[in-house]
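Engineer: Please model the entire structure based on the sequences and the hints provided.
Residues in the sequence shown are numbered consecutively from 752, following this note's numbering.
Because the hints were derived from the structure by calculation, they are not lab data. Note that beta-carbon positions come from the ideal geometry of N, C-alpha and C, so glycine has one too. Fair warning: there could be bad hints in the mix.
Lysine-lysine pairs mimicking DSSO-like chemistry, simulated, CA-CA at most 30 angstroms apart [to be verified]:
#, residue 1, residue 2
1, K935, K791
2, K766, K817
3, K814, K929
4, K894, K766
5, K894, K839
6, K766, K847
Here are the in silico distance ranges between beta carbons for each label pair [as the list claims (entries may be wrong)]:
#, residue 1, residue 2, range
7, S821, S934, 30 to 36 angstroms
8, S773, G900, 30 to 36 angstroms
9, N850, S917, 26 to 32 angstroms
10, Y891, E758, 37 to 43 angstroms
11, T832, K929, 16 to 22 angstroms
12, K766, K814, 17 to 23 angstroms
13, E906, D806, 20 to 26 angstroms
14, S821, E906, 22 to 28 angstroms
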Amino acid sequence: MVKRTHELEEFDDLKLKDLVISGDEMASSCLFRRYQTEIKNFLVSRGCQGDDADDVTIMSLQKIWKSMDSYDEEREASFRTWVFTIAKNTYLDWCKRYNLPQPQNAGMVTITDDSTPETSLIEKERQAYFDSLLGRLSEYEQKILLMKGAGMKYEEIAHELGISLSIVKNRIHQAKLKLVELSKDVRKD
Numbered sequence: 752m753v754k755r756t757h758e759l760e761e762f763d764d765l766k767l768k769d770l771v772i773s774g775d776e777m778a779s780s781c782l783f784r785r786y787q788t789e790i791k792n793f794l795v796s797r798g799c800q801g802d803d804a805d806d807v808t809i810m811s812l813q814k815i816w817k818s819m820d821s822y823d824e825e826r827e828a829s830f831r832t833w834v835f836t837i838a839k840n841t842y843l844d845w846c847k848r849y850n851l852p853q854p855q856n857a858g859m860v861t862i863t864d865d866s867t868p869e870t871s872l873i874e875k876e877r878q879a880y881f882d883s884l885l886g887r888l889s890e891y892e893q894k895i896l897l898m899k900g901a902g903m904k905y906e907e908i909a910h911e912l913g914i915s916l917s918i919v920k921n922r923i924h925q926a927k928l929k930l931v932e933l934s935k936d937v938r939k940d
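Structural biologist: Laid out in structure tokens, this is it:
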């Protein structure tokens with residue numbers, strides 16, 4: 752069982768998603784463990800605190816599980832983006848339900864009236880390009896960049912990861928440099 756859990760942790764999100772859809776409970780646990788802390792950090796960075804953050808995280812994971820078979824990799828930018836979109840929308844619904852102030856452009860994607868099919872396509876392509884670059888980084892580098900990208904402060908990241916502030920700054924800087932190098936390599940191809 753330990754060996755199978757370890758093997759599942761090596762699978763990418765899409766493979767785990769397929770196993771979850773087929774009824775594999777261990778794959779479901781693995782996928783949710785993978786995202787639980789990141790979703791909570793994402794919500795906290797947008798103002799959701801304490802027990803509310805825990806509740807919205809659980810609700811988000813439930814919605815992800817219920818709608819797992821509706822994910823379409825042809826339509827969506829990436830599985831990860833799809834997961835965080837569900838978490839964002841769950842939080843916005845939570846705010847409405849309990850008459851809480853909604854975050855004002857706290858790093859959340861907003862759709863404007865001047866959005867056209869062309870701009871939507873460009874944004875999807877840009878997101879897919881970024882996701883492909885991000886996918887070339889180690890899981891740790893991805894995590895630390897996504898934490899920063901979700902609006903977490905360096906101090907919060909240091910606390911969450913149990914490392915010093917200077918190490919956080921250094922690792923984020925190194926991961927950004929690696930992304931720049933990867934983008935140069937992609938452009939050469």
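Engineer: Hints broken by the structure, by number, lowest first?
Structural biologist: The structure conflicts with hints 1, 3, 6, 9, 10 and 14, although it agrees with all the remaining ones.
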